[in-house]
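Take the sequences, apply the hints, and build the full model.
Protein chains: 6
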Amino acid sequence: MWIYEKKLQYPVRVSKCDPRMAKYLIEQYGGADGELSAALRYLNQRYTIPDKVIGLLTDIGTEEFAHLEMIATMVYKLTKDATVEQLEAAGLGPHYSNHDRALFYNNAVGVPWTATYIQAKGDPIADLYEDIAAEEKARATYQWLIDQTDDVDLQDSLKFLREREIVHSLRFREAVELLKAEQETKKVF
Amino acid sequence: MWIYEKKLQYPVRVSKCDPRMAKYLIEQYGGADGELSAALRYLNQRYTIPDKVIGLLTDIGTEEFAHLEMIATMVYKLTKDATVEQLEAAGLGPHYSNHDRALFYNNAVGVPWTATYIQAKGDPIADLYEDIAAEEKARATYQWLIDQTDDVDLQDSLKFLREREIVHSLRFREAVELLKAEQETKKVF
Amino acid sequence: MWIYEKKLQYPVRVSKCDPRMAKYLIEQYGGADGELSAALRYLNQRYTIPDKVIGLLTDIGTEEFAHLEMIATMVYKLTKDATVEQLEAAGLGPHYSNHDRALFYNNAVGVPWTATYIQAKGDPIADLYEDIAAEEKARATYQWLIDQTDDVDLQDSLKFLREREIVHSLRFREAVELLKAEQETKKVF
Amino acid sequence: MWIYEKKLQYPVRVSKCDPRMAKYLIEQYGGADGELSAALRYLNQRYTIPDKVIGLLTDIGTEEFAHLEMIATMVYKLTKDATVEQLEAAGLGPHYSNHDRALFYNNAVGVPWTATYIQAKGDPIADLYEDIAAEEKARATYQWLIDQTDDVDLQDSLKFLREREIVHSLRFREAVELLKAEQETKKVF
Amino acid sequence: MWIYEKKLQYPVRVSKCDPRMAKYLIEQYGGADGELSAALRYLNQRYTIPDKVIGLLTDIGTEEFAHLEMIATMVYKLTKDATVEQLEAAGLGPHYSNHDRALFYNNAVGVPWTATYIQAKGDPIADLYEDIAAEEKARATYQWLIDQTDDVDLQDSLKFLREREIVHSLRFREAVELLKAEQETKKVF
Amino acid sequence: MWIYEKKLQYPVRVSKCDPRMAKYLIEQYGGADGELSAALRYLNQRYTIPDKVIGLLTDIGTEEFAHLEMIATMVYKLTKDATVEQLEAAGLGPHYSNHDRALFYNNAVGVPWTATYIQAKGDPIADLYEDIAAEEKARATYQWLIDQTDDVDLQDSLKFLREREIVHSLRFREAVELLKAEQETKKVF
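Protein chains in written order, with our numbering: chain A, 86 to 274; chain B, 86 to 274; chain C, 86 to 274; chain D, 86 to 274; chain E, 86 to 274; chain F, 86 to 274.
Treat the hints as calculated values from the structure; they're not laboratory data.
Glycine is no exception: its CB is placed at the ideal position from the N, C-alpha and C atoms.
No incorrect hints appear here.
Straight-line Cα separation of at most 27 Å, DSSO-like style, residue types lysine-lysine; simulated pairs:
hint : chain 1 : residue 1 : chain 2 : residue 2
1    : D       : K265      : E       : K265
2    : A       : K162      : A       : K91
3    : F       : K91       : E       : K137
4    : A       : K137      : B       : K162
5    : A       : K244      : F       : K271
6    : D       : K265      : E       : K244
7    : E       : K137      : F       : K165
8    : B       : K92       : A       : K92
9    : D       : K137      : C       : K91
Listed next, with one range per pair, are the computed distances between beta-carbon atoms:
hint : chain 1 : residue 1 : chain 2 : residue 2 : range
10   : B       : K91       : A       : D238      : 32 to 40 Å
11   : B       : Q240      : D       : D241      : 42 to 50 Å
12   : C       : R256      : A       : R258      : 53 to 61 Å
13   : A       : G140      : F       : F245      : 34 to 42 Å
14   : D       : T270      : C       : F245      : 38 to 46 Å
15   : E       : K101      : A       : K265      : 45 to 53 Å
16   : E       : L255      : F       : D144      : 31 to 39 Å
17   : C       : V237      : E       : L263      : 54 to 62 Å
18   : A       : K265      : C       : E170      : 54 to 62 Å
19   : E       : E248      : B       : A174      : 51 to 59 Å
20   : C       : R256      : D       : K244      : 33 to 41 Å
21   : E       : K92       : D       : E262      : 35 to 43 Å
22   : A       : F245      : B       : C102      : 41 to 49 Å
Following this line, the structure appears as structure tokens:
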């Protein structure tokens, strides 16, 4: 089970009301390679992964929920003071018709999140490569988002998140090597 | 952010290997009215709900993740010792082809979870009725699942979860009344 | 069975060609809380709801089809004289590529309608709360749409539809109380 | 708008409780080529089809709703007296977990209906071929369903519906020829 | 099996960097009536269609992959030199957030391709009408796309593709007549 | 463009009519990690991957279509002589209702293929890890399928396909190293 602590993993600041950037940023909330995909993917794999990797999946999965909360906070801050006209000018008119200023788990286009974005195969090596690929894809998305804004406060938070994905990718690669080494050992004896 | 505590909210025991029941139970993991839907729905609404309801949404949303973990544990326990033949006999042959014994966020049929199951309107009354309806629907699902098993250990956990949904439904109704009373007050002055 | 009567439930007038507003309005045609969702939800629940509520579901479900036709008429009137350039400027370029000026059951973003927006649980109380929530959410959507236009003719039709949702919500609440009272009576005897 | 008349277009009788057949029959309720697809497809195309075909689309679209109601009645009759064990033996265990004995707009597998099954192009010839293809596909589905039951009462209703699809297909072909002839005439002058 | 030949079926030239048109054109890459739908539909039907039509399906299905490659080349050429700002101005900001300048199988709105766009019934006449309708719908889409651009080089390629759809439609109609004639013959003897 | 050669990449033999196994095997036709996913993923990435990897993607993508054809042939052979009763006993009753014995791009459950299974990020390293993960997941699926059959002829074809995935995975890893080495070189100078 989880206990909620009322603070963000890393501070989130935005320099201005910017619904245009909020529209793009929602990609990391409810998009294919976003934080929801990451958190749900890792926590789900815990039941069939070898014991020594469970802790890693729990740690990273739980951290991804903290990231999801950071993204939500960014999107909220970027849009909360926007008028209907400003939302429409930013391409969020269709979002307003359906959700007002509420957040929703969709990607930047507005397509709702689907579990088909993620996978669990039961095969530990396949699952860990799924996870490495996920981190590399999330890293790329953060890069494209950083390209799309000149808000240095927002860039600071996005760069923090991008760095975390790189760290996670490395840790999943170590886990692959660990399991492969173990498989080799088993074959020898 | 959340902190993981390595224990279940309520004990989960199953009396036997029973992949047939696991197939049905997955409805509350990745189905329309399951725990994933509940957790994601409430946590997402926090940003645009009035301040005095945020805490309630955070509390219940966080608890639903604990319920999701309980369901995952049940499904895992019901299937972990099943042979391929037993999985196939239980209608889990297609699941095995894709996922081996790994869990996945799909409903009892095998349809992947989609965010279209949930909603956020920005309108507090509409959002709270969405939440009441969600709890009533989850309560019904737990009832149908209890009907589908004669495993008293499993029934015990399912009854606990059903009761929690009833409590949540009541708390959301109180929140509706609170907000309506407040709206009335505002109109008077 | 149904008999078609060649008239609208309530007059639909629009003051101008306005594809931008048509794009938003389609939310109530093929969106999550739109009239298609409403009609199909209620008519489908008729088979397992207690007898005394069937008539209510048939009446409201049939009326929602009349609303669907009103929305279709509005969207058609708002776009029929638009040039391709005007459609593109309104964000309907992708719609034109696929559908020309034909209507389609998608939301304002352009995501096709899916039955996952609606639910039927077989439990009468859960189904009626689903219906109350649906009406509250539709009411909210009509409010956001009214906010998005300054066309007073269009606003008149939208306000009519918003009021109908409020009436339906009240009638579904009465039905809940009726069924609860009946359940209490049964418990007493 | 539509007026509900409390009778079925054609009598629906079933010889026995048969949830297995209900599971297959739901294909024509919420499947790709089912009656919901048909009704929604034709009624939606009315706004951009040439005037002389609008009446045909309204007539057939309205009739398809009557067919949808017939299918619903069949499914309900085939399952209403089934025990949970009988539903599970028929492959409807996952349906029960989610919906009890309520109907839902999904296909025989259990995949929810999606508007991507249907199309509207704005081009009258393309739309009418879409409609002819729809009728031919529905005819085929009725044939497969007739193959799957030996209940002569049920077969009688299914044969009626299959014949209606054949009639509709012919009427849509006549409409294509009518429009083509008209286009030729225009080219001549 | 297939052998790749490194050339396009027909030359693809574009006059300018035009991400706006690329956004619309992607409809024929990953949209409902696009080339992916066409290729996959025909090749899949080969296993249950009468022998004398298999070759036709293989030929046209294989050609549709060549068309898919032409569309991909057009989209790539229209966007490869665009800046992030130009992509955003063309409505491709959400695409950039997720995919950078990579292509993806989605329609002009950005909705990912789904196999629910296509069908296979096992009934040869129904399958061939599905195919005729598909070609008529693709023809219409090419017409709408030609309307949306004034780039004569691009129009040249699109007109070539539109003509191919007309030819395919005729060939599928011939196949229907062939099979119907054969069915008549069988009935006579 | 592609040229069709009327032969299979590797012989496909099945020992018996076995619709049960056909149901599972369809996972590699239209499932998340199946051959359709593989072929479409690689061919789509060709436009934005560095030049020196394009040939690899074309080769493997084209080969995956040959694998798709092999799977189709297996499924067809396993079901072509099955009676309706045998199809139903194998869990293919819902498939028959919709498709008769025709193939369709769905997974073993019966969920239609969706492009959300695959990804293209524009970032070469991320795309190649996506591809490695895809091959590892396909390898796992073939293993689960081999576990589900005792037909040695079928196992022979499945083992051939499993081996090809292992080879592809290695080649994608080499491509990652190649691109990383090149990136390092660029940083040095």
